[in-house]
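**Student:** Sequence:
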Amino acid sequence: MPLAIVDDVVARLGRPIADAAEAAKIAAFIDDATGLVCDYCRTDFQQHTNETFEVLVKGGQARLAPFVFPNLVISAVTLHDQDEDTVLPTDEWKVIGPTLHFRSALDYYSTATVTASWGWTAVPAVVKAAVCSEVIRWLSVSPGTVMEKTGDLEVQYAQTAYNSGLSEAAKSMLFKYRPRIASISVSRG
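The C-terminal residue of the sequence shown carries number 291 in my numbering, and the numbering is unbroken.
Mixed in with the good hints, there may be bad ones.
Taking lysine to aspartate or glutamate pairs in the EDC-like style, the calculated list, with each CA pair at most 20 angstroms apart, reads [claimed, not checked]:
id	residue 1	residue 2
1	160	134
2	196	153
3	230	134
4	230	121
Pair by pair, the computed Cβ-Cβ distance ranges are [stated by the list, open to error]:
id	residue 1	residue 2	range
5	119	278	57 to 67 angstroms
6	115	267	38 to 48 angstroms
7	150	227	45 to 55 angstroms
8	271	112	14 to 24 angstroms
9	270	206	44 to 54 angstroms
10	123	188	56 to 66 angstroms
11	115	256	30 to 40 angstroms
12	120	140	27 to 37 angstroms
13	115	150	26 to 36 angstroms
14	278	219	17 to 27 angstroms
15	156	278	26 to 36 angstroms
Calculated from the structure, these hints are not laboratory results. Just so it is clear, CB atoms sit at the ideal spot from N, CA and C, and this is done for glycine as well.
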């Protein structure tokens, strides 16, 4: 799902789309920019409902991955304990920061399946603006005149291709949506 639509880019350009080829180019640039923004921010800016993921439980707690934030709402936790699976009641676990804590501390390793909803109910305006500005920037550097010839004089201009990376301005706009560096303790069992 693109974060920006063609109409948003056209509104920011201030002119109508010239033809079907330009509309196709804008749509392709939107897809490219959306992919780069999602990759840079490490999120898809979508709402996930009742999806499951696995966590490793050690010492009565499990570290939650950054992709499940923001707006995390856990509906069920199933502990995979050696030979049996136990659905834990809600008073047996609690989320504090990025960690899922279990009431009874487990001294051994196990896994748990978490069923939860998380993500963005709407794409933040800053993210949409970053995608649109990148598309407009790429449109402005698309090749125009490549060669001119007047009599014996011929001038050839260097081919310009759009820079498929995010600009520093876009990265600056998206900085607060990018996960921060964190450390995770890993030990051998």
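**Student:** Hints first: check each against the structure and report whether it holds.
**Tutor:** Going through the hints against the structure:
1. A C-alpha spacing of about 40 angstroms is found between residue 160 and residue 134, which places the hinted pair above 20 angstroms, so the restraint is violated.
2. Restraint check for residue 196 and residue 153: the C-alpha separation of about 18 angstroms stays at or below 20 angstroms, so the hint holds.
3. Among the hinted pairs, residue 230 with residue 134 is consistent with the structure: their alpha-carbon atoms are about 13 angstroms apart, no more than 20 angstroms.
4. For the hint pairing residue 230 with residue 121, the CA-to-CA distance comes to about 24 angstroms; that exceeds 20 angstroms, so the pair is violated.
5. Look at residue 119 against residue 278: about 32 angstroms separates their beta carbons, and that is not inside 57 to 67 angstroms.
6. Between residue 115 and residue 267 the CB atoms are about 21 angstroms apart, so this pair departs from the stated range of 38 to 48 angstroms.
7. Under the hint 45 to 55 angstroms, the C-beta atoms of residue 150 and residue 227, about 21 angstroms apart, miss the expected range.
8. Between residue 271 and residue 112 the CB atoms are about 21 angstroms apart, so this pair conforms to the stated range of 14 to 24 angstroms.
9. Here the CB-CB span from residue 270 to residue 206 is close to 49 angstroms, well matched to the stated 44 to 54 angstroms.
10. Checked against the hint of 56 to 66 angstroms, the C-beta distance between residue 123 and residue 188 comes to roughly 59 angstroms, which is consistent with it.
11. The hinted window of 30 to 40 angstroms between residue 115 and residue 256 holds, with their beta carbons roughly 33 angstroms apart.
12. As the Cβ distance of residue 120 to residue 140 is approximately 29 angstroms, the hint placing it in 27 to 37 angstroms holds.
13. Taking 26 to 36 angstroms as the suggested C-beta distance range, the pair residue 115 and residue 150 conforms, at roughly 33 angstroms.
14. About 22 angstroms separates the C-beta atoms of residue 278 and residue 219, a value consistent with the hinted range of 17 to 27 angstroms.
15. The hint said 26 to 36 angstroms for the Cβ distance between residue 156 and residue 278, and at roughly 29 angstroms that hint holds.
Hint check: violations occur at hints 1, 4, 5, 6, 7; the rest are consistent with the structure.
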